[in-house]
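Trainee: Following the hints, complete the assembly by docking chain B onto the known chain A.
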Amino acid sequence: MTNDTIRVRPKGKKQIVKPEKIIVYIILLFCLIITVYPLIFTLLSSLKSQNDLFSNIFGLPKKVMFQNYYDLFVVKKIQNNILHSLFIACTTVIIQVVICSMVAFVLSRFKFKFNNALLIFFMAGILIPQQSVLIPITLLAKTFNGFNNYFFMIIIYVAFGVPNFVFITTGFMKGLPREIEEAAVIDGCSLARIFWSIIMPLSTPAIASAAILSFFGAWNDLILALILLKNDAMQTISLGLVSFTNEQFSNYTGQFAAVIVSIIPTLILYFVLQKQIMKGMTAGAVKG
Amino acid sequence: MFTFKKNKVLIIGFLIPALFFYIALMLYPAFYAIVLSFFKWNGVASLGAQFNGINNYLILFRNPVFWLSIRNLAFLLVVSILTQLPVAFLLAYLLSGNIRGASVFKVSFFMPVILSATAVSMMWKLILDDKYGLLNNFLKAVGLEAMSRPWLTDPHLSFQVITLINSWQHVGYFLIILLAGIATIPEELFEALKIDGAGIFTTVFKVVIPLIKEVIGVCVVLIMTNCMKTFDIIYVMTSGTFGPNNVNQVPVGLMYYRSFVEDNFGQGSAIATMVLLFGVLISSIVYIKGFQQKSDV
Numbered sequence: 036m037t038n039d040t041i042r043v044r045p046k047g048k049k050q051i052v053k054p055e056k057i058i059v060y061i062i063l064l065f066c067l068i069i070t071v072y073p074l075i076f077t078l079l080s081s082l083k084s085q086n087d088l089f090s091n092i093f094g095l096p097k098k099v100m101f102q103n104y105y106d107l108f109v110v111k112k113i114q115n116n117i118l119h120s121l122f123i124a125c126t127t128v129i130i131q132v133v134i135c136s137m138v139a140f141v142l143s144r145f146k147f148k149f150n151n152a153l154l155i156f157f158m159a160g161i162l163i164p165q166q167s168v169l170i171p172i173t174l175l176a177k178t179f180n181g182f183n184n185y186f187f188m189i190i191i192y193v194a195f196g197v198p199n200f201v202f203i204t205t206g207f208m209k210g211l212p213r214e215i216e217e218a219a220v221i222d223g224c225s226l227a228r229i230f231w232s233i234i235m236p237l238s239t240p241a242i243a244s245a246a247i248l249s250f251f252g253a254w255n256d257l258i259l260a261l262i263l264l265k266n267d268a269m270q271t272i273s274l275g276l277v278s279f280t281n282e283q284f285s286n287y288t289g290q291f292a293a294v295i296v297s298i299i300p301t302l303i304l305y306f307v308l309q310k311q312i313m314k315g316m317t318a319g320a321v322k323g
Numbered sequence: 165m166f167t168f169k170k171n172k173v174l175i176i177g178f179l180i181p182a183l184f185f186y187i188a189l190m191l192y193p194a195f196y197a198i199v200l201s202f203f204k205w206n207g208v209a210s211l212g213a214q215f216n217g218i219n220n221y222l223i224l225f226r227n228p229v230f231w232l233s234i235r236n237l238a239f240l241l242v243v244s245i246l247t248q249l250p251v252a253f254l255l256a257y258l259l260s261g262n263i264r265g266a267s268v269f270k271v272s273f274f275m276p277v278i279l280s281a282t283a284v285s286m287m288w289k290l291i292l293d294d295k296y297g298l299l300n301n302f303l304k305a306v307g308l309e310a311m312s313r314p315w316l317t318d319p320h321l322s323f324q325v326i327t328l329i330n331s332w333q334h335v336g337y338f339l340i341i342l343l344a345g346i347a348t349i350p351e352e353l354f355e356a357l358k359i360d361g362a363g364i365f366t367t368v369f370k371v372v373i374p375l376i377k378e379v380i381g382v383c384v385v386l387i388m389t390n391c392m393k394t395f396d397i398i399y400v401m402t403s404g405t406f407g408p409n410n411v412n413q414v415p416v417g418l419m420y421y422r423s424f425v426e427d428n429f430g431q432g433s434a435i436a437t438m439v440l441l442f443g444v445l446i447s448s449i450v451y452i453k454g455f456q457q458k459s460d461v
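Chains as they are written, first to last, in the numbering used here: chain A, 36 to 323; chain B, 165 to 461.
Don't read these hints as lab results, they were simulated from the structure. Check each hint, because a few of them may be wrong.
Said to hold, decoys possible - In the DSS-like style, the derived pairs of lysine-lysine whose C-alpha atoms are separated by at most 30 Å in a straight line are:
| hint | chain 1 | residue 1 | chain 2 | residue 2 |
| --- | --- | --- | --- | --- |
| 1 | A | K265 | B | K393 |
| 2 | B | K270 | A | K209 |
| 3 | B | K295 | A | K97 |
| 4 | A | K111 | B | K289 |
| 5 | B | K358 | A | K56 |
| 6 | A | K314 | B | K370 |
| 7 | A | K148 | B | K170 |
| 8 | A | K53 | B | K370 |
| 9 | B | K304 | A | K314 |
| 10 | B | K204 | A | K310 |
| 11 | B | K358 | B | K370 |
| 12 | A | K265 | A | K112 |
| 13 | A | K112 | A | K98 |
| 14 | B | K393 | A | K53 |
| 15 | A | K146 | B | K358 |
| 16 | B | K172 | A | K209 |
| 17 | B | K170 | A | K98 |
| 18 | A | K310 | B | K170 |
| 19 | A | K209 | B | K204 |
| 20 | A | K265 | B | K289 |
| 21 | A | K177 | A | K310 |
| 22 | A | K177 | B | K304 |
| 23 | A | K177 | B | K204 |
This one's a predicted model, so the numbers in the text were calculated from it and none came from an experiment.
Excised from the complex, chain A in its bound form (with noise of 0.2 Å):
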């Protein structure tokens, strides 16, 4: 097989299909099949009942059934855990654009001596493991009253953010033409202004990328989560998740309609928004 097979387009009006190119997407569905069938088959194992599913482990469902939903939603009340990661998630995403914007816009308009400095500073915080400063945190916040408490747990995740969205988005605003502010300083325009009305709006690709993320950050983690919230009432989506594994270990399809009812929200936003994320992943990481 040549790279031929790969790489060049057939020209003319008949397409003919390379022999080889059928090994190409072999591989290719192969993998897709690993990847997406875990997913199929737990959502499929999701409506089964028990019976059905340890005779009837491969087909689908012979009597699709609803129970499990109903348990997690009317009995376990899951919504409200996700209402409380949608919450935490939503307001972290929003500080950050606020703030990290902010210093895109600094760090990559202006000139001045400490310019590269202080972005390669930003940066560095991406190398930091969030574990590894649990502890501190545990005793800001047995400080400053932080357990059980969402706001805690959302400046907390604003921080643990900011070097990987500031990373993204000034990557971006490097790449705006200057041409752009000049000629609405000469119309007069404020500093203020060009920020809010000019670079942000052309900025919204990274943003959204990095907002994307960044809700994904927050809305997945676990071991914050875990220390910081005890009282059972503000319990978020993955505790929720856990917790439901914990109580109902031999219920299977229960927990297969847990994980499923838990990545639903993740995945519409993503199938709604893949374009911006991996446009987001790219630009850093390719440009950087």
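Mentor: Just chain B, lined up with the frame of chain A:
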């Protein structure tokens, strides 16, 4: 380009909020963790911390569980790089060509990345269940029952399995990054190579890989930092126990256990400090030595 002098107030004003969050809640705690590692403390404020010198470190170095966790981390690092990078590259290279439905593949491969480690762990835990799991039942169905195993409870297998699941989740991330890197290579280069009669191996190993060396370097560093932080997936898959007899323990897991289960904040901080320094060190070395393009200035 705006200058500093004229806009001092705005610049400082714009920088302060993020700087505050970053310094107060990330850098200060990181520094605090390093300091705390030299103290003996159970976390209760009233009981105060006693200075303990490097005792915390010495106690750790004498603990076999600590070395087990290091061995596990090393295994995780090596296997993660060896599984995620080649697979991601292969798929990225295949997808960079003329493929129908490439975006369907891309969206699907990336999907596990955005799922919570908790959800991924639970899903695989159910699939790998000894009696009722999908995998063992599948092996039984195709006549390979001899190959079925207690994947997650067998002390010889469980960590390897967890490592592979971790790779499963993250491959898509690097696939997308590498794909973007490959896309920066102009199509004319490939055509020129074809005209020159270069085969696929030559093209990939002698041309493509060297050209995207920096992107690959970024991926390696990211894989390594992700491995250092791996906690959620192990915690959930072992139901918080870290394996029968600590067999699935990793440094951050041990840190969690020492600090929050045994109330030994000093030792926990010692581990946290080592993880932090090791992570920074390894990332810097790997990136600078291995992948920095020598820039001609």
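Trainee: Holds or violated: A:K177 with B:K304, Cα cutoff 30 Å?
Mentor: violated, 53 Å
Trainee: Holds or violated: A:K177 and A:K310, Cα atoms, limit 30 Å.
Mentor: Between A:K177 and A:K310 the Cα gap is close to 41 Å, so the pair fails against 30 Å, i.e. violated.
Trainee: For the pair supplied as a hint, A:K265 and B:K393, confirm whether the alpha-carbon distance does not exceed 30 Å.
Mentor: holds, 23 Å
Trainee: Assess, step by step, whether the Cα of A:K177 is no farther than 30 Å from the Cα of B:K204, and give holds or violated.
Mentor: Holds: A:K177 and B:K204 sit about 18 Å apart, inside 30 Å.
Trainee: With the threshold set at 30 Å, check whether the alpha-carbon distance from A:K265 to A:K112 stays at or below it.
Mentor: Measuring from Cα to Cα gives roughly 18 Å; hence the hint holds.
Trainee: Under the criterion that the straight-line Cα-Cα distance not exceed 30 Å, is the pair B:K358, A:K56 satisfied?
Mentor: Measuring from Cα to Cα gives roughly 17 Å; hence the hint holds.
Trainee: Given the proposed pairing of A:K265 with B:K289, does the C-alpha separation stay at or below 30 Å?
Mentor: Since the Cα atoms of A:K265 and B:K289 sit roughly 25 Å apart, the hinted pair holds (cutoff 30 Å).
Trainee: Holds or violated: are the alpha carbons of B:K393 and A:K53 at most 30 Å from each other?
Mentor: Roughly 45 Å separates the two Cα atoms, so the pair is violated.
Trainee: Taken at face value, is the distance from the CA of B:K358 to the CA of A:K146 at most 30 Å?
Mentor: violated, 46 Å
Trainee: Between A:K111 and B:K289, does the CA-CA distance stay at or below 30 Å?
Mentor: Between A:K111 and B:K289 the Cα gap is close to 22 Å, so the pair holds against 30 Å.
Trainee: Are the Cα positions of A:K148 and B:K170 separated by 30 Å at most?
Mentor: Holds. A:K148 to B:K170 sits at ~14 Å (cutoff 30 Å).
Trainee: Can the restraint linking B:K204 and A:K310 be considered satisfied, given a maximum Cα separation of 30 Å?
Mentor: violated, 50 Å
In terms of the numbered hints stated before, the structure departs from hints 9, 10, 14, 15, 17, 18, 19, 21, 22, listed from lowest to highest.
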